[in-house]
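Asker: Here's the letter readout for the chains.
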Amino acid sequence: MPIHEKSLIRPENLEVHEHLEIEGVDVSGHWSTFIGSRVVADYNEAMEEEIAALPGGEYIHRCWQCGSCTNSCTVNALNPDFNPRYWIYLIRMGMESELLRDKDIIWQCVSCHKCTHVCPRDVVPEGVMKATSHWLELKGHTPKSHSMIFDEVFSEQVFETGKIEDGRVIKRFFKRTGQALAQPWMVDMVKGMLRNLPLGLLTRMGLATLVAPRTKDWGDARAAIEEYVAEREEHNRKALGLDELIQSARTEI
Amino acid sequence: MPDKKTKYKEVAYYPGCALEGTGHAYNRSTKALGKALGLKLKEVENWNCCGAMEVKNIDPKLQTYLSSRVMSIAANKMKMDVVMAPCNGCYHNLKRAEYDLEKDEQSREVVDRLSQKAGHETYQAGQVETIHALDWIKDSIGEEGLKERVKNSLDGIKIANYYGCMYTRPRHIFPEKDKGPASESTSKPHFMDDLLEAAGAENVDFPLKTACCGGAHTLSDSDTSTKLVANILMAAEAAGAEVIATECPTCHSGLEMHQIRAAKTLGIKTSVKIIYFTQLLGMAMGLKPKAVGLHENVSDSFAFVKQKGLA
Ligand code: SF4
Ligand code: SF4
Ligand code: SF4
Ligand code: SF4
Numbered sequence: 001m002p003i004h005e006k007s008l009i010r011p012e013n014l015e016v017h018e019h020l021e022i023e024g025v026d027v028s029g030h031w032s033t034f035i036g037s038r039v040v041a042d043y044n045e046a047m048e049e050e051i052a053a054l055p056g057g058e059y060i061h062r063c064w065q066c067g068s069c070t071n072s073c074t075v076n077a078l079n080p081d082f083n084p085r086y087w088i089y090l091i092r093m094g095m096e097s098e099l100l101r102d103k104d105i106i107w108q109c110v111s112c113h114k115c116t117h118v119c120p121r122d123v124v125p126e127g128v129m130k131a132t133s134h135w136l137e138l139k140g141h142t143p144k145s146h147s148m149i150f151d152e153v154f155s156e157q158v159f160e161t162g163k164i165e166d167g168r169v170i171k172r173f174f175k176r177t178g179q180a181l182a183q184p185w186m187v188d189m190v191k192g193m194l195r196n197l198p199l200g201l202l203t204r205m206g207l208a209t210l211v212a213p214r215t216k217d218w219g220d221a222r223a224a225i226e227e228y229v230a231e232r233e234e235h236n237r238k239a240l241g242l243d244e245l246i247q248s249a250r251t252e253i
Numbered sequence: 254m255p256d257k258k259t260k261y262k263e264v265a266y267y268p269g270c271a272l273e274g275t276g277h278a279y280n281r282s283t284k285a286l287g288k289a290l291g292l293k294l295k296e297v298e299n300w301n302c303c304g305a306m307e308v309k310n311i312d313p314k315l316q317t318y319l320s321s322r323v324m325s326i327a328a329n330k331m332k333m334d335v336v337m338a339p340c341n342g343c344y345h346n347l348k349r350a351e352y353d354l355e356k357d358e359q360s361r362e363v364v365d366r367l368s369q370k371a372g373h374e375t376y377q378a379g380q381v382e383t384i385h386a387l388d389w390i391k392d393s394i395g396e397e398g399l400k401e402r403v404k405n406s407l408d409g410i411k412i413a414n415y416y417g418c419m420y421t422r423p424r425h426i427f428p429e430k431d432k433g434p435a436s437e438s439t440s441k442p443h444f445m446d447d448l449l450e451a452a453g454a455e456n457v458d459f460p461l462k463t464a465c466c467g468g469a470h471t472l473s474d475s476d477t478s479t480k481l482v483a484n485i486l487m488a489a490e491a492a493g494a495e496v497i498a499t500e501c502p503t504c505h506s507g508l509e510m511h512q513i514r515a516a517k518t519l520g521i522k523t524s525v526k527i528i529y530f531t532q533l534l535g536m537a538m539g540l541k542p543k544a545v546g547l548h549e550n551v552s553d554s555f556a557f558v559k560q561k562g563l564a
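So the protein sequences, as listed, match chains A and B. All letters in the first sequence, in the order written, are residues 1 to 253 by the numbering used here. All letters in the second sequence, in the order written, are residues 254 to 564 by the numbering used here.
In case anyone wonders, no lab produced these hints; they're calculated from the structure. Hints should not be assumed to be uniformly reliable.
Unchecked claim - Computed list of lysine-lysine pairs in BS3-like fashion (alpha-carbon distance at most 27 Å, straight line):
#, chain 1, residue 1, chain 2, residue 2
1, B, Lys430, A, Lys216
2, B, Lys370, A, Lys216
3, A, Lys163, B, Lys480
4, B, Lys293, A, Lys163
5, B, Lys480, B, Lys411
6, B, Lys480, B, Lys258
7, A, Lys216, B, Lys330
8, A, Lys216, B, Lys293
9, B, Lys411, B, Lys543
10, B, Lys480, A, Lys103
Nothing here was measured: the structure is a model prediction, and the numbers come from that model.
Next up, chain A with everything else stripped away, as it sits in the complex:
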């Protein structure tokens, strides 16, 4: 199926004049629609390097713009504005303001790996999507997405105890995102579960929420992981010049 990636003419660039005369010619109305030209003046030349420095973004430079990723993409099928190939292009060109137009949907990548599966250049576009969402959040362009908060809640628990327990992760996630735990559809689901579950299993699941399952003697692994995480966070801050960014924001205020 051929894909129509993007409408080249954006509605805000269409100019229709109710009454306009140029050199004696009447150019009013829809028959004389003008298309304003797009001007990109603010190239951010560091963008590709910054995103490449974040986990997942390493291989962005390999892309040769074949479009296979977009063509295979699960989310693109639901929303044609979700366009990994185009974003990789913008990042490599440094067209930050263009990329920012889509900043609120990039995190929606569902990690189905279809893009990575078909990419002829081993770009790992799925990783680039994650790196780009991180970049947007770290730079303060977007608030933390729910997806990112979920990743954090989940990872924290793994780092803490070596294992996760889904009930606990879900609770913490809803708490941190300020959502009520009892979503109407969830209530229905739980009802469905209660119908059949034997009492023993229920108690076991309840207990698991109270007493999180753990890997024994996890302490040293936990310390090693936490040290590594701190080290990477430091590296990411440096790569994105976040300290300078905060400093300059401070002096401006």
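Dock chain B with the ligands against chain A, hints included.
Answerer: Relative to chain A, chain B with the ligands alone:
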């Protein structure tokens, strides 16, 4: 080298977190099926979470470390050479860690550093072979073996086989796939189809075998997941399926959850049953529905299996 048939008779079993929680029915049915078929499972001692997708999003090398610890215990402590993981997520992650450790110097360096600090032997690429529950049954018992053992045929049950994303993608982490008809295919996987057919089922032509259910955002972007699941459910029904067979706890609970949610929020009602392949095979081998954890599924398939003569 011993052939797979003997090699897979006794394997290290890595259930993963999901099988201790929402996916408990898969855990129960995998063990019960193994027992009924005379296969031995030795659970990986004191295992940890493989890191799932979430830790990878924070940092892929951390996930590689977490997965490598599991393989290290199996290889170095338990002296096993095969690890079987029924969860697509775990299976994918162990495979991915294996690939990274084989190809990437930096991953090796990080894993070695973390393993030393954590106080266990560093896993070396190639020490174990990671397989999925499908490989395990397919290569140790096989279709012929199953046919001989069928007590309750799945005759007359129309099944859509759903494999999800992580079992086949991305292809480079599965070097053993796409190696001719006897091997698994990454574009049209067939191992589950083969096994269920051997047990008497009729597989329908299902185009969304490897479609994504949006599991990554099941809670953080529920509307997207619901749409993706609704597609899968409707396609299965359109293909004539009465059951969607699953082989992953996350795919399975995603389908169950969003089947309910699709009815609530989109008004799309579907009645196709969602059942683990291990539950279906277990019942075909004569196990009772409860023995394969049918009561632990969210969706209710008791009446259905009864009507099909499996209970
Ligand atoms: S498939 Fe790979 S090479 Fe092709 S556009 Fe996407 S990232 Fe670039
Ligand atoms: S992994 Fe993300 S970007 Fe890639 S195809 Fe899937 S949804 Fe699209
Ligand atoms: S992928 Fe899922 S089931 Fe497997 S260990 Fe990780 S969290 Fe647990
Ligand atoms: S189908 Fe869904 S749960 Fe299964 S691997 Fe894909 S996203 Fe994950």
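Asker: Hint by hint, say whether it matches the structure.
Answerer: Hint-by-hint comparison with the structure:
1. B:Lys430 - A:Lys216: 36 Å, violated
2. B:Lys370 - A:Lys216: 16 Å, holds
3. A:Lys163 - B:Lys480: Given pair Lys163 (chain A), Lys480 (chain B) is violated - Cα atoms ~30 Å apart, limit 27 Å.
4. B:Lys293 - A:Lys163: At roughly 24 Å apart (the allowed maximum being 27 Å), Lys163 (chain A) and Lys293 (chain B) satisfy the hint.
5. B:Lys480 - B:Lys411: 24 Å, holds
6. B:Lys480 - B:Lys258: 41 Å, violated
7. A:Lys216 - B:Lys330: OK: Lys216 (chain A) and Lys330 (chain B) at ~15 Å, within 27 Å.
8. A:Lys216 - B:Lys293: With Cα atoms ~24 Å apart, Lys216 (chain A) and Lys293 (chain B) stay inside 27 Å; holds.
9. B:Lys411 - B:Lys543: Holds, at roughly 22 Å.
10. B:Lys480 - A:Lys103: Distance of about 22 Å is within 27 Å: holds.
Hints 1, 3 and 6 from the earlier list are contradicted by this structure; the remaining hints agree with it.
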